[in-house]
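Read top to bottom, the protein sequences are chains A and B.
Per my numbering, the very first residue in the first sequence carries number 1; after that it's consecutive.
Per my numbering, the very first residue in the second sequence carries number 1; after that it's consecutive.
None of these hints come from the bench; they were simulated from the model.
Computed from a predicted structure; not experimentally measured.
Be aware that a few hints might be false.
Said to hold, decoys possible - 25 angstroms max Cα-Cα, derived SDA-like pairs, lysine to any residue:
#1 B:211 - A:85
#2 A:361 - B:214
#3 B:51 - B:175
#4 B:51 - B:109
#5 B:211 - A:253
#6 A:323 - B:104
#7 B:211 - A:278
#8 B:220 - A:5
#9 A:8 - B:207
#10 A:361 - B:105
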Amino acid sequence: MTTEEKLKILTDGAKYDAACTSSGVERSACAGGIGSANSGGICHAFSADGRCISLLKILMSNACCYDCAYCVNRVSNDVPRATFTPEEIATLTINLYRRYYIEGLFLSSGVLGSADNTAQLMIKALEILRVKYRFCGYIHAKAIPGTSPQLLQRLGELADRMSSNIELPSSRSLKLLAPDKERRDVLAPMGFIRDKKAEGNKNFVRAGQSTQMIIGATPESDLNIITLAQGLYRTYGLKRVFFSAYIPVAENSLLPALDSKPPLLREHRLYQADWLMRFYDFKAEELLDESRPYFNEFLDPKCNWAVNHPEVFPVDVNRASYKTLLRVPGVGVVSARRIMVARRQRRLDAAALARLGVVMKRAKYFIDGAAGIKLRAADDPAAVTRELIRGENARQLSLFDDMPAGVRAIEGKGGENK
Amino acid sequence: MKQRQDITYVYDGSYEGMLTCVFRCYEDKFIPAQVLVQPSLLPYSRIFTDKSKAARVTRGVARTMGRMAENVIRTVYLADNEQKEMAVIRFVVYGMAAGEHACRDLAHPDVAEVYELFRAVNREKRMCMERLKFSVIGDVLVSVVAPTHNVLPLIAPHFVQRFPNEDIFIYDKAHKLGLTYSHGRTQITQIENFEPAEADEDEETYRRLWKIFFDTVEIKERHNPRCQKNHMPGRYSNFWSA
Ligand code: SF4
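Please model the complete structure; the sequences and the hints are all you need to start from.
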C-alpha cells in the first residue's frame, strides 16, 4: 500500500477526534534539532468544515479489534484497513513540519491486537521523532485504555499532551455501546497521568491531558454533560474536555438513525458553557439545573444566565469586581481586563467601553449609565430576552465563526465569550 | 499642543524619520494637519531625518512613557496606514504630558487610536505566522507572502527559533522585502522581484500528501465553507504554493 493510500485511510479514521490544539508548552528548538512550541498554539489552516488544523492528526492503525458501536474503526465495520510503520509516521511528520504545514503530531490508534502492542508501536514512532530527528515540536498521544503503566510512563515522557477519551457521558451508555470497554479502563490512564504529574516531573505530559465525549448519540442531558465535564476538570486536572457532535456511522437501534444530522448547535452551546466554567468562574449548577436541564437554543448560555438573574443588574462598570464584570453579556475576558486597567485613569462612559472592545449591543441592557437605553434587564427581563434573541438570530447565521473552543488551536488565556 | 490645519510634514518614510517628525512638533510647538511620505501639491515642510533627534525621542518616550509605549510605536510604524504618523504624534504628545500611565489609559481617544493600529499589526503578524507555508527548494525553506502590514521584522524571531539549523527565505511581495536567515544571521533587504524555482519531486510529493490530509480530515457532515473562509482570507490562500 502506498503512503498516499495509508494516509487517506488513517486520516479518515482519526478525524472525529475534536482535539487539535497545540498550546500549553513554550519551547525553542534544542541544539542541533528542529521545532519549537508556542504556548498560545498555532492554527495552520482551516479545513472546509471550519475546524482548525494544527496537528497532523492520524491513526497508527485503524485495524481495531474492539467493536464500539459509535466508531468507524470498529471491527465489525466494513472499511479498508491500514497500519503505518513508526518510520513512516516520523518521516511524514518531519517533512510536513519542515514545510510549516503543522505544529506537530496527534497520534491516536485503534487497538491493534492489544493495548500494549499498540502503545509500543506509538512509542517507537515518537522515539524516532524525538531522538533521531531531535524533533522539539508538539506531540499529542492518545492513551489507549488498558495500556500498562510502564508504557504510559514512556509515552508521557515523549508527548506534550495525552488524552484518553471518556467517549460517552455515562457509564451506562458506555456499557451498552462499547462492550469491550469499562469506564474504569478509560479513567485509569487519566488517574495515572495526574498522579505522575503530581510527583513533580515537569517534562512529563507538559501540556497536560484532555478528553472527549460524544454528544447526541446517547440520552444524557446538557446538565449531565457539563456536570461530568466539571467533575473531570476538578478530579483529574484536565486541560480540556472536548465535545464531539455524533455523526451517524452505523445502523444500530441504540443510536440515532443514519440520516440524522450532527447536533452542531448543541455542541456549540456546550463549548460556550465549558468556556464559561473555565475562564468566567461559572459553575455547572449555575448554568443549568434539574428544572432546566438543557441550554436555550436561541440564546447563548451567558445571556441566558443573565436574563434569569435580573437581581445582579445593572452593573456599575466603574466599580464592579472583575468577577462581576465577567458576568455582563458583551464583556469578555480581554475587555474586562481592559476595563480594570482603564477605569483607574478615568471614568468610563459608553463611548469608552466601546473603545475597550465591549459589545455594547448586548452590554447596554445590563450596565449603569449606557446613554439613552430605557430597556433594562433588571426591569423587564422578558423584553431584553426578545431583543437579545433578535440579535442572536443574526449571529446564528454565522454559527461557529465566533466559536471559542474546539475549533481553535488556542485554548488558553482570555478566550472571548461575550 | 494645538493642531495647525495649514501645515503638512513630508518625510522619507523611515522609522527615524517618523520620530524626527515627532521631534519637530516639539520644536514648532504645534501638531501638523497631516504627515506624508510623498510630497503633495499643497505647501509642506520637509522633515529631514535626523538620527540624534530620533534617538532623543526614543529616550524620552522610554523614560517618561515606559518601554511598552516604545514597543507600541515601533510596531505601529510597521502599519500600512496613512494615519499612523499622526496617531503616533498624538499618542506621544498626550503620553509625554500624562506620563507612564498613558499606556493604561485605554479609553483616551489618542491612546485608543494608536492601540487600534498596534492590534491590527499584531493581528496580521499572527495571521502571517499561522498561514505561511514553506516550499523546500534546493534545501532552503522558501515562502512568498503578501501581508497587509510590514510584518517581516515581527515574524522573524519565531521562524529562527523554530528552524535554527535551516536556511530560510521569506519574500514579502507587497512590501518588496526579503527576509534571509542563514548560519545564525537574519537580514531584511529590499528586493524588487522574486520568483521561486520549480518544485522538485520531493516537494511535489509532500504537497500532494498534505492535500490528501487536508481534504480527508474534513468531516463532510459538518461542511462549513463560510467559516473556513473567515479564517483563511483570500490574501493567504496561495501562500503555501510559494
Ligand atoms: S477502541 Fe477506539 S478505535 Fe476501536 S472501536 Fe472503540 S473507539 Fe473505535
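Hint check:
1. B:211 - A:85: Given pair residue 211 of chain B, residue 85 of chain A holds - Cα atoms ~21 angstroms apart, limit 25 angstroms.
2. A:361 - B:214: violated (38 angstroms)
3. B:51 - B:175: holds (24 angstroms)
4. B:51 - B:109: Given that 25 angstroms is the threshold and the Cα spacing comes to 30 angstroms, the pair is violated.
5. B:211 - A:253: With Cα atoms ~37 angstroms apart, residue 211 of chain B and residue 253 of chain A exceed 25 angstroms; violated.
6. A:323 - B:104: Roughly 20 angstroms separates the two Cα atoms, so the pair holds.
7. B:211 - A:278: violated (35 angstroms)
8. B:220 - A:5: Given that 25 angstroms is the threshold and the Cα spacing comes to 19 angstroms, the pair holds.
9. A:8 - B:207: Holds - the C-alpha atoms of residue 207 of chain B and residue 8 of chain A are around 14 angstroms apart, at most 25 angstroms.
10. A:361 - B:105: Holds, because 23 angstroms separates the two Cα atoms, which is no more than 25 angstroms.
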